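J.: Single-letter residue listing:
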Amino acid sequence: METAPANVAIRVRGLTKRYGAVLAVDGIDFDVAEGSITALLGGNGAGKTTTIAMILGLVEPTSGNIQALGEELPAQYHRVLPRINFESPYVDLPHRLTVMQNLKVYAGLYGLERVKDRIAELAADLDLTEFLDRPTGQLSAGQKTRVSLAKALVNAPELLLLDEPTASLDPDTADWVRSYLEAYCKERGASILLASHNMAEVERMCDAVLMMRAGRIVDQGAPGELISRYGRNNMEEVFLDIARGTGKGANLAQHKTASAHEH
Amino acid sequence: MSIDIKEPKRRHVKLAQRDSAVRRVAAMVLRYGYLIQGSIPRVLDLWYWPTLQMVMWGFITTFLTQNSSFFAQAFGVLLGAVMLWDVMFRGQMGFALSFFEEIWSRNLGHLLVTPLRPREFIYALLTMSVIRTAFGIFPSTLLAIWFFGFNVYGLGLMLVAFFVCLIMAGWSMGLLVSGMVLRWGMGAESLAWALIFGLAPLCAVYYPVSSLPVWVQFISWSLPPSYVFEGMRAVMIDHVLRLDLLAAAFGLNIIYFSAASWWFLNCLKEARREGRLLQVGE
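Protein sequences appear in the order of chains A and B.
Position 19, counted from 1, in the first sequence is what the working numbering calls 19; the numbers after and before it change by one each time, with no gaps.
Position 270, counted from 1, in the second sequence is what the working numbering calls 270; the numbers after and before it change by one each time, with no gaps.
If you're looking for bench data, these hints aren't it; they were derived computationally from the structure.
One or more hints might be untrue.
[As the list claims (entries may be wrong)] Listed next, with one range per pair, are the computed distances between beta-carbon atoms:
| id | chain 1 | residue 1 | chain 2 | residue 2 | range |
| --- | --- | --- | --- | --- | --- |
| 1 | B | P201 | A | V22 | 40 to 46 Å |
| 2 | B | S211 | A | Y90 | 49 to 55 Å |
| 3 | A | Q76 | B | A259 | 44 to 50 Å |
| 4 | B | M186 | A | E187 | 38 to 44 Å |
| 5 | B | D45 | A | P171 | 40 to 46 Å |
| 6 | B | P139 | A | A167 | 44 to 50 Å |
| 7 | B | E270 | A | N233 | 44 to 50 Å |
| 8 | A | N7 | B | A194 | 33 to 39 Å |
[Claimed, not checked] Now the stretches of chain B that chain A is said to cover, found in silico as 3 or more residues with beta-carbon under 8 Å:
| id | stretch |
| --- | --- |
| 9 | 26-32 |
| 10 | 95-106 |
| 11 | 110-124 |
| 12 | 267-277 |
[To be verified] Cβ-to-Cβ under 10 Å is the rule here; a few derived chain A residues that face chain B:
| id | residue |
| --- | --- |
| 13 | A24 |
| 14 | F86 |
| 15 | K104 |
Just so we're clear, the structure is a prediction, and the values are computed from it rather than from any experiment.
Idealized CB from N, CA, C, for every residue including glycine.
Generate coordinates for the entire structure from the input sequences, incorporating the hints supplied.
T.: Shown next as structure tokens:
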């Protein structure tokens, strides 16, 4: 694979994951621009989590190439992992450890200097100071999400991979998390790749959208671009068009999938 | 397919980080330390069984000493065997339970996307195995002196050699069982307990290898602990240092430990290939 330009945070080419007879991810290609927030959308089983897990090295691809932050993976994981981080509501932090203990452990794993200062900074940013000495398992869903976010930001990652970061959160907390992530991305120049089922979230936060169906990327573009291309009012309607293979989007998506595979 | 690449909004500001394996292993040890420190039942569990075992076998030894000329001459053989067997048992459980903590808390996915490398994860588990074993057994050795006048430290430097050989055997078992859990899920967890108890009769803990049926002796001599327990009896009964037995135990341990490490790392690779790391523990 050709080396990705410096302003590409993730470059994926021909990425495939097969579990026996099941093709979970089917030769996808995409780029994530540095400093952008990119959404990976699709119905359940579309291949979003598998794609994110392959970029993180939690799942070994069957074939294809991944470059992250200019490094070839999996060969250079040891150079990339200190610079990225991950958050998912489906992977927990140890419940019996306090918030402070969890953050200290992860700060140690990332080899951070001035751990106390970093934790204090994160706690202040994420409004966690009063929970630092509470066991993580005793927190509410919203508080736990903030702790997971603090863990995901502990190393101030250049690249953040998020799997449904606002799932199971009340609208207020979800809105707060979105604002925080947008600000982080802007202030730090970081890139985010997130899987989401919340179309309003995607419209609001994302610079680019990758639409997945049955393991393939069937369309991509900026949210506004997709909405006008599909002749719809919002991303929710675009999503339904693509997921159900209906409306104007059905032909567009099928045409794009076919040409991508011919290519 | 590609999207338009824009100029980044702002250059990334890096935090000071040090690429240090020691620091990562220390962070993992700290994580397990927090877990034990924050749970009185876990601390009591570390002490309870070794102490209970020691007390029970102490009374059996006292009874046998009073009624058997053999045990009268070889006082402490049974107690010594119980304590040394516990080194292997605690060594294995110290490794496996620390690993299971990651599965139970569904934290493995987080850990494996940090800079922690698989071999550093193993080093952390080995360190915890030593800490948990020493912490669990030390009080019972002091109680044995106080209650029964049996001083296991009388074995001198040989005790260190026995400890190293037995804890290495425990690590091999821990790696084997943890690999099984990665491969077959938490259904294999019960093997952590069952396997080591199944080995006990073959390791000649309380009796010499020669008392086993001939075909079982072949199996027994293929296990490192058998050499350690024979060596212990040689010291305590015959007052002879059998370095040949120690060398054999150590050599076999190297083979088993290498094979078990390969197995564990292979199971981890397999779990990545099969996409099980995100689901493990569910």
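J.: Does each hint fit the structure? Answer for all of them.
T.: To see whether the hints hold, each was checked on the structure:
Checking the proposed 40 to 46 Å range against P201 (chain B) and V22 (chain A) shows it holds: the Cβ atoms sit about 45 Å from each other. Between S211 (chain B) and Y90 (chain A) the beta carbons are some 54 Å apart, a value that agrees with the proposed interval 49 to 55 Å. One distance hint, 44 to 50 Å for the beta-carbon pair Q76 (chain A) and A259 (chain B), is violated here, with the actual separation near 30 Å. M186 (chain B) and E187 (chain A) have their C-beta atoms about 42 Å apart, which keeps the hinted 38 to 44 Å range intact.
The hinted window of 40 to 46 Å between D45 (chain B) and P171 (chain A) holds, with their beta carbons roughly 44 Å apart. Distance hint check for P139 (chain B) and A167 (chain A): the Cβ-Cβ separation is about 47 Å, which falls inside the suggested range of 44 to 50 Å. Evaluation of the 44 to 50 Å hint for E270 (chain B) and N233 (chain A) yields a pass: the beta carbon distance comes to about 47 Å. At about 56 Å, the beta-carbon gap between N7 (chain A) and A194 (chain B) misses the expected band of 33 to 39 Å.
Only residues whose C-beta sits within less than 8 Å of a C-beta in chain A count toward coverage, and the stretch 26-32 of chain B has 5 of them, enough to reach three; the restraint holds. Here the stretch 95-106 of chain B counts 3 residues with a CB under 8 Å from a CB of chain A, which clears the bar of 3, and the coverage holds. Judged by the Cβ-Cβ criterion of 8 Å, the stretch 110-124 of chain B is covered by chain A as claimed, because 8 of its residues qualify and three suffice. Figure legend: the stretch 267-277 of chain B, annotated as covered by chain A; annotation consistent (6 residues with Cβ-Cβ distances under 8 Å, at least 3 required).
Look at A24 (chain A): its Cβ gets to within about 8 Å of chain B, closer than 10 Å, so that hint holds up. Annotation: F86 (chain A) was flagged as interfacial toward chain B, and the flag holds, the nearest CB pair being 5 Å apart, inside 10 Å. The beta carbon of K104 (chain A) comes within 7 Å of a beta carbon in chain B, closer than 10 Å, and the hint placing it at the interface holds.
Violated hints, listed in ascending order, are 3, 8; each of the other numbered hints is respected by the structure.
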